[in-house]
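Starting from the known structure of chain E, fit chain G with the ligands onto it as the hints suggest.
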Amino acid sequence: MKVTFKIWRQENTDAQGELKAYEVDGLSEDMSFLEALDHLNEILVLKDEKVIAFEHDCREGICGQCGVFINGRAHGPHNNTTTCQLHMRSFKEGDTIVVEPWRASSFPIVKDLVVDRSAFDRIIQQGGYITAKTGTAAEANAILVSKEVSDSAMDAAACIGCGACVATCKNASAALFTAAKINHLNKLPQGQPEAHRRLLDMTAQMEFENFGSCTFTGACEIECPADISISNIAEMNARYVKAKLFG
Amino acid sequence: MFFRKSIVAATGLFLCIFLIVHLSANAILLLPETTARELYNSYSTALRENLFITLIAYLLYISIILHVVYAAIITFRNTKSKGEKYKVNHNNKNSTWMSQNMGFLGVFILLFIVVHLANFWAKIKLGIGEDVGVDVNGNVDVYEVTSFLFHNMYFMLFYSVLMIPLGFHLYHGLKSAFMTLGFYHKKGLRLLAKISLAYAIIMSVGFGIIPLFVYFK
Ligand code: HEM
Ligand code: FES
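Just so you know, the protein sequences line up as chains E and G, in that order.
Sequential numbering from 10 applies to the first sequence in the numbering used here.
Sequential numbering from 1390 applies to the second sequence in the numbering used here.
In isolation and in its complexed conformation, chain E is listed as follows:
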């Protein structure tokens, strides 16, 4: 299989970037998209050219590292998937495939397709955890949680922090990520003691990082590999309004 990649090449954060075209032959339809990039990089190494920098780790859709913008969509042409789970069979012989890094001013480009997503880490540091002494694991049934609550907390917890929501959003809003991280904990009894502070601190950090505001285009929930529902954002807003009005 033969395709033309047009890939964003940028030396560092401050350098001027540009799309560069590479004709690549010898691909198989069974290759994952990342394997196709590996294949291209091997060719570049043999030609003594600089390889394309891109991120990846698990290659099984759970770590959230592999975010790139492919042919005008986060993680490529399919809804709700990661780049590592995208295969070359989703493209046709002779296709031109444009690959760009996530674009958001809070995600500065490090090099080529690699962006700095540490703004997400700083949001988590503001309360995306439970402050508790870690002894031995507690007996599982010591705190009872109903099925509905545990399901909806788990749905929010599925977020892998890939940044597709920010990348696809015209406002570069981190509302879906932040809402998922807040709701996951605030729905559970273990999250209750710090629920209020978590909500206010994490949303404050989200604003401090200069992410845009949510205008509910709904693009994020279509591109999210973990299928996080946009209703999480509305729920975060509801709790925020409540917290501000009633303390």
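The hints are simulated quantities; they were obtained by calculation from the structure and are not laboratory data.
Glycine included, every Cβ here is placed at the ideal spot set by N, Cα and C.
Heads up, some of the hints might be wrong.
[Claimed, not checked] Dumping the calculated PhoX-like pairs for lysine-lysine here, alpha-carbon to alpha-carbon at most 25 Å:
(1) G:LYS1576 to E:LYS251
(2) G:LYS1482 to E:LYS15
(3) G:LYS1575 to E:LYS156
(4) E:LYS156 to G:LYS1474
(5) E:LYS120 to G:LYS1476
(6) G:LYS1474 to E:LYS29
[To be verified] Distance windows between CB atoms, simulated:
(7) E:LYS101 to G:LEU1506: 51 to 59 Å
(8) G:ILE1409 to E:LYS253: 41 to 49 Å
(9) G:GLY1577 to E:ALA24: 30 to 38 Å
(10) E:PHE255 to G:VAL1523: 52 to 60 Å
(11) G:HIS1479 to E:GLY144: 45 to 53 Å
Relative to chain E, chain G with the ligands alone:
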């Protein structure tokens, strides 16, 4: 960020309620001419003489200003948050066109509001331009102003065609405002999407056919 967006949502919803009342009143224009004239003029006189309505009117002006100003601020800041744009972006695959272009649609509505106020509000309330006559009941003949305006083909088209961007703006706006203000019930949201569509169609078609109807009457 929450605060600014909530202002846009709350003022937007208030304007949405206003539109329902406004359209209901304008539906009088669809009646036969003599009935329409008397009814429309007496209704309009009653409104002008009502203190409560006068207060609501001021709230309306303030809402429009706040809505436009805060919407402009968030749109400007969001564009800055985004920074450099993608070379290729197929956002039509993951979101509706109106949700991506609320500001653009809003500019048309603003243009409409300015011309609309100049045509009616400036004439009837501020008394700018030629004197407006009275009807058989001695009420200011607002019907005549309307009918005269809509018999001009350019104004008729302006008033009809600009209801299209209004419809698009309302379709996304109504849903979005509810979610901004914290409505998150999942089944409710699906119903809300349908209600928004119905509301947007009723408003744009409703307001849109009145000028056409008067023109061809
Ligand atoms: C009859 C007049 C109008 C009505 C009923 C209306 C209604 C609404 C509603 C309900 C929203 C949703 C708020 C939210 O997303 O939380 C909205 C958003 C917005 N409106 Fe309006 N609006 C009107 C006029 C205007 C005008 C004149 C402008 C600008 C010139 C404007 C610009 C915007 C923008 C930029 C947004 C949303 C930002 C976004 O979602 O991207 N609107 N409007
Ligand atoms: S590499 Fe881990 S999610 Fe794709």
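Verification of the hints:
| no. | hint | result |
| --- | --- | --- |
| 1 | G:LYS1576 to E:LYS251 | holds, 22 Å |
| 2 | G:LYS1482 to E:LYS15 | holds, 21 Å |
| 3 | G:LYS1575 to E:LYS156 | holds, 17 Å |
| 4 | E:LYS156 to G:LYS1474 | violated, 43 Å |
| 5 | E:LYS120 to G:LYS1476 | holds, 17 Å |
| 6 | G:LYS1474 to E:LYS29 | holds, 17 Å |
| 7 | E:LYS101 to G:LEU1506: 51 to 59 Å | holds, 55 Å |
| 8 | G:ILE1409 to E:LYS253: 41 to 49 Å | violated, 29 Å |
| 9 | G:GLY1577 to E:ALA24: 30 to 38 Å | violated, 49 Å |
| 10 | E:PHE255 to G:VAL1523: 52 to 60 Å | holds, 53 Å |
| 11 | G:HIS1479 to E:GLY144: 45 to 53 Å | holds, 51 Å |
The structure does not agree with the numbered hints 4, 8 and 9 stated previously, though it agrees with the rest.
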